[in-house]
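Asks: Construct all of the structure, not just a fragment, from the sequences and the given hints.
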Amino acid sequence: MKDKKLRKWVIFVCIAGLLLIAIWQSTYIVKENEYAYVTQFQKYVKTEDTAGLKFRVPFVQKVEKLPKYSMMYDIPPSEVLTADKKSIVIDNFTVWRIDDPYLFKKTVTSVAEMNSRIDAVVYSVVKNTFGEMQQSDIINGNTNSIDNVNDEITRQVNEQLKGYGVSTISVEIKRTDLPEANEEAVYQRMISERNQMAEKYRADGNYEAQKKINETDKEVKILLSEAEAKAEQIKGEGEQGYMQVLQEAYGTPERAEFYKFVRSLETLKTTIKGDKTLILGPDNYIVKVLIGQE
Amino acid sequence: MGYFDFQFGGPSGNYGSSDNENRPKKPKVRPVIKTVLMVVVVFLLGIVLISSTYTVKETEQALVTTFGKLTNVTSAGFHFKLPWPIQSVIKEEVNRTQKITIGYREENPNENIISESKMITGDYNIVNVDFFLEWKISDGYKYVYSSDNPEKILKMIAQASARSVISSKTVDEVLTTGKPVIQAEIKDKIQEKLAHYDIGVQVLSVKIQDSEPPTEDIKMAIKEVETAKQEKETAINKALAYANKTLPDAQSKADKLLREAESYKTARINEAKGQVAKFNAMYDEYSKFKDITKTRMYLETIEDILPGVTVYIDTTGTGDINKMLPLKEFVAGGADQ
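If you read the protein sequences in the order shown, they are chains A and B. Mind the numbering: the first sequence is residues 1 to 294 in my numbering, read in order. Mind the numbering: the second sequence is residues 1001 to 1337 in my numbering, read in order.
Treat the hints with care, as some may be off.
Computed list of lysine-lysine pairs in DSSO-like fashion (alpha-carbon distance at most 27 Å, straight line) [said to hold, decoys possible]:
id, chain 1, residue 1, chain 2, residue 2
1, B, Lys1081, B, Lys1099
2, A, Lys221, B, Lys1245
3, A, Lys68, A, Lys46
4, A, Lys200, B, Lys1238
5, A, Lys269, B, Lys1290
6, B, Lys1034, A, Lys65
7, B, Lys1256, B, Lys1273
8, B, Lys1152, A, Lys68
9, B, Lys1219, B, Lys1136
Calculated from the model, a selection of chain A residues having no Cβ within reach of chain B, i.e. all distances over 10 Å [stated by the list, open to error]:
id, residue
10, Lys8
11, Ser116
12, Ile139
13, Gln160
14, Asn195
Treat the hints as calculated values from the structure; they're not laboratory data. No experiment lies behind these values; they were computed from the predicted model shown. Beta carbons: idealized from backbone N, C-alpha and C, even for Gly.
Replies: Here it is as structure tokens:
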């Protein structure tokens, strides 16, 4: 009794196990970011590129998963020479994805192998591209120049990788550096540039200060000379006024004559005074008086 | 199921055989198997139950896949699903703002990672720029499925964008005034590239932490320029001070000259007026008795001037000095002296 029951159990378990194996063998799951590459006796059958539960012929068909997502490959930095023989260290990365799993499996076997091919292709494209450019084409204060270089490199890399069933989303330069020896020269130049700027500021300061002082001195001179001229003019007006007033008073010939007489007397007063000798003729009024002729 | 049976059957069998000697065999085996089966069933039920529920945090979003295919997206809370291996859940922190640092690490902010921060400016200088970006997942589906490592790609894009922008700026813009513009441009650039990569992330902000000259010597040289700038200002200010003092001085001097001239003018006119007044008065007198007044004035003047003067009178009218009389002695007081 008991053995029979046990045997029933064992049979049940065996059948269940076999069923599971059969299910496992005839189905497979494809995730959203996967391709399923199906082969039959090593021969390509189909590619599943939609997610979900899929069926296959058990034990005969094998399924291999390939990434459908974009992959980033960070390429080690490399030194390249520009057309003007300047060397630059270029560090770039590539983002790529598998477009055609069949072609990919046929030409390259794995992602790792693909990366090493990308490495080689990108290096040669970068080297050629930069080899045709001047250093100033790359470092020139224009954002677009690097973008254009990136676009050109991406285009060429994509062209070369197409044959592997792969599309290159982008190759971007994330870093452009100068070799260490050049860096030291740049540092020295930066310092000398700064020194020269400092000198220029100082000289400019002195120049502008002196200019201001000169300007001020000029203004002062002009101001004073104008004032002097104006003052002389005013003084002249004074003289003019003086004469005008007198002229009005001495307007008639009689007045003029009297003025002459008075003014002559005044002149006598101021000139003949003190210890002086005077010779008077006989016609002089005072002499006439003296002699008794008057 | 069968697989599990065998696994759990193993140890339970051993347990049974160890008790063989003391107790009868047959009544013992069945309960043992039963217990084992019970345990297995409970265990499996447990797994089913546990894998049939999941919780999603406030910051998260859950992608539910059925046999690998996306079938549902759920937000925070407690949820049921079909057990493994039918449905599985991928949780992503879509609402959390995350941070990527470039040129330094959060754990040790003072230590510079030169390979990330060193950049060449458009005017061919070298600067070290540290910055960080804040980002979040904009599309959970794309974030999970469209690339192998979105965060790492984002970091690469950020580095490329920063270098591209910095290479279009002058060293002075990078070190001092240009930071806000540069941050904005880097952000725009990253955003523009992300649109191309389409990996389900978005950038919220880019902030430059530090932008420094690469060596101490250069730092000193830059400081020196600042000092020179100050010196320039000082020199100009001194000159302005000179101007501010000198000009008013000159103005007051000029004003003095003008006022003096004006006062001279007025004085001169007044002088003339005075003379005229005096003359008019005299002329009025004169016009009354012309001859007399004239003679009087003449004599008054003579009175005034002749004392002290030696006078010779030439009666001959020839100018011969020998015939002249000295008049000095006749003058009152004059003879004694």
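Asks: For each hint, tell me whether it holds in the structure or not.
Replies: Here is what the structure says about each hint:
1. Lys1081(B) - Lys1099(B): violated, 32 Å
2. Lys221(A) - Lys1245(B): Holds, because 15 Å separates the two Cα atoms, which is no more than 27 Å.
3. Lys68(A) - Lys46(A): holds, 15 Å
4. Lys200(A) - Lys1238(B): Cα-Cα ~18 Å, so holds.
5. Lys269(A) - Lys1290(B): holds, 21 Å
6. Lys1034(B) - Lys65(A): violated, 42 Å
7. Lys1256(B) - Lys1273(B): Within the cut-off at roughly 25 Å; holds.
8. Lys1152(B) - Lys68(A): holds, 18 Å
9. Lys1219(B) - Lys1136(B): violated, 36 Å
10. Lys8: With a cut-off of 10 Å, Lys8(A) remains clear of chain B, as the shortest Cβ separation is near 13 Å.
11. Ser116: Consistent with the label, Ser116(A) stays out of reach of chain B, its closest Cβ about 17 Å off (over 10 Å).
12. Ile139: violated, 6 Å
13. Gln160: holds, 20 Å
14. Asn195: Not fine: 6 Å to the nearest Cβ puts Asn195(A) too close to chain B.
Checked against the numbered hints given earlier, the structure breaks hints 1, 6, 9, 12, 14 and satisfies all the rest.
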